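Respectively, the protein sequence lines represent chains Z and U. Following this note's numbering, the numbering of the first sequence begins with 65 at its first residue and continues without gaps. Following this note's numbering, the numbering of the second sequence begins with 34 at its first residue and continues without gaps.
These are computed hints drawn from the structure, not numbers from a lab. Do not rely on the hints blindly, as some may be mistaken.
Simulated pairs of lysine-lysine, DSS-like, Cα-Cα distance not exceeding 25 Å [claimed, not checked]:
#1 Z:LYS252 / U:LYS125
#2 U:LYS91 / Z:LYS180
#3 Z:LYS141 / U:LYS91
#4 Z:LYS355 / U:LYS125
#5 U:LYS115 / Z:LYS252
#6 U:LYS115 / Z:LYS360
#7 Z:LYS355 / U:LYS115
#8 Z:LYS361 / Z:LYS289
For clarity, every value in this text was computed on a predicted model and none was experimentally measured.
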Amino acid sequence: MAKELYDGIYSSHKLVFIERIEKNIDYYLKNRILEVKRLQQELFCVLNKSSLISVLKELKENPEFDIQVINSINLFKSNGRYCLLIGLSSVANNYSMLLKVLLNSGTDDGSRQEYKEILPEIVQIFKAAEFYMSRNNLTHSYNDAVFESQVFDGFDSFDIFLSTDYDIINRAYLDTAISRVLPQNFNKDSSLFDLQTSVSRYDYSAGIFPELCLCLAVEELLKIKVSRRVQYIRILLSELSRISSHIYFVARIAKVIGADMAFNFSLLEREHVLRILEEITGSRINPNFIKIGGIKKDFKPETAANIKGSLSGILKAVYKLETLLLDNSIITAKLKNTGVADKDVALACGTTGPNLRASGVRYDIRKNRNLMLYKDLSFLVAMGKYGDCLERVQIRFREIYQSIKIIDQITSDLPDEYIKKPVDISEVELEYSEMISSVECPHGVFKTFIEMKDNRVLNLIVLGPSRNSLYFAEKILPGNRVEDVELIIASLDICSGELMS
Amino acid sequence: MKSLVKNNLNLFVAGFGCCKQEIFAASGPVYDISRFGINFTSIPEESDVLVIQGFYNKEGQSRLLKYYARMREPKWVIAVGKCVVDCNLLNKSFQFDDGFREIINVDFFVPGCPPRPEAFMYAILRLLESPPDY
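Bound-form chain Z, shown alone (with noise of 0.2 Å):
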């Protein structure tokens, strides 16, 4: 009984819902789709790009389907050959795929020409992919104000175009040009361990979720099993992340607002937890620690009940924090109704994680796909309302207090089980294959497709959900005042390292 309040609450992922997707892939869409595959718990299809307008129709207007939300387009090349990797998603249905679409041209020129090419057509099926497109609306000549990357963590990599009437903004454009740092052939053709130490700078403000993202992927394709005190430890260290990660978001609020106890009290307590974290890992930011079938080392007896004895102590911190910041009338009345957002639009964005659920929407991959060992833990999805700048603080607060629980859990009743030492990469062989994989970290849902061939991997594309995030600040900016955009974009909790590629 309970076992079925549980799952009647928080809709678990049905593998075989995904099968009967896969099925009506294969029967709708036939002639369309020239493979369909499971990806973990994901949706695979490759199709051609004269078939892609069709299709993307179909997958809208098909009540079987009912995709109402891109996430990502990419460019890239795969085994010789440029493609598009469309990603898409259903939260009414919940789950996603991604759409791998073959492009005519073999060369770069022509395949970018494509891509500009068949990006209009996209945008008339689904409006948010006009982010992709090349937009004349940036430049200076068109815009009232201009604010350039700023030098606080959260505002260096863009710049923000607003046309305004007055002090209210009517359009705002975001830019990421400075922040396209990577090179067209990076992560391709690279060895698999020199990419696990590097994937962390993706998510720099809670390193420990690509890795796992990585590593995830890749024992699903070699089919590993990990024990469960692996996984407990795993949960454990992102939740630790997370609290750090929401923590570094309530001390850029407090610095955007003017509140500098909070800020210096939020980075004392952050300080506290990554010492908690570098104790475990080695090292603050970057961990490196979780390793393809394992973890780097495992605890010493005596580091779970430390963790279990700092837990009150941050509890209390952050509780403290929360009284010092929320409680005062004047910083809430600033956060109330402003960056309002509801739960349409932040949808139609592709925004997820926190942002998405602070506008009403409940997804949570860790309770809606079942990850890891989640399944096993308890703990509430927090939930919010309004969707403007108060509840996106108050639900990083809910979030932190669950994470706390989370860790309380695990460290009270850790399996006590053998650890294996990590696969060695030098000696997987592996055939051509690809993998999708997917978790919750602090700004929504990190996802990564890996193309890989033994243990070279031939691609690694990274769809971070700070892109959606910039996107839904486009929307939300619009109707509110010039001196607010820092507050809502602070909101968001927009990680640079994500927008890289």
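Mind docking chain U on chain Z? Use the hints.
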């Protein structure tokens, strides 16, 4: 170093990357870099030290030059993190071009990926103790 600058050193942190978190962590109460009279500023004209860190492309490099030109003398430069000290971890082919190196003379290098806040503070204190000629 003029005593006015020595007792009130303003830092301008350019670029984006993981090092920035550790640099700003130094302003927190645990490290409290402001007890040495060191502050972070967001206006190049007000700053004495340009801190270069993180990932750059050509656009980022040209902005860095603009910031440096806007700073008033005396001015110093500190390079923080492997991406600037050695080569960019995620883009090994990118190098600051020769024109950039001719204009900007880095006074202190802080290695690490990312360096700890203590390492960054050590470089700042070395700068206060014995500032290189500008």
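For each hint, the structure was consulted:
no. : hint                : result
1   : Z:LYS252 / U:LYS125 : holds, 13 Å
2   : U:LYS91 / Z:LYS180  : holds, 23 Å
3   : Z:LYS141 / U:LYS91  : holds, 24 Å
4   : Z:LYS355 / U:LYS125 : holds, 24 Å
5   : U:LYS115 / Z:LYS252 : holds, 22 Å
6   : U:LYS115 / Z:LYS360 : holds, 23 Å
7   : Z:LYS355 / U:LYS115 : holds, 23 Å
8   : Z:LYS361 / Z:LYS289 : holds, 17 Å
Violated hints are absent here; each numbered hint is respected by the structure.
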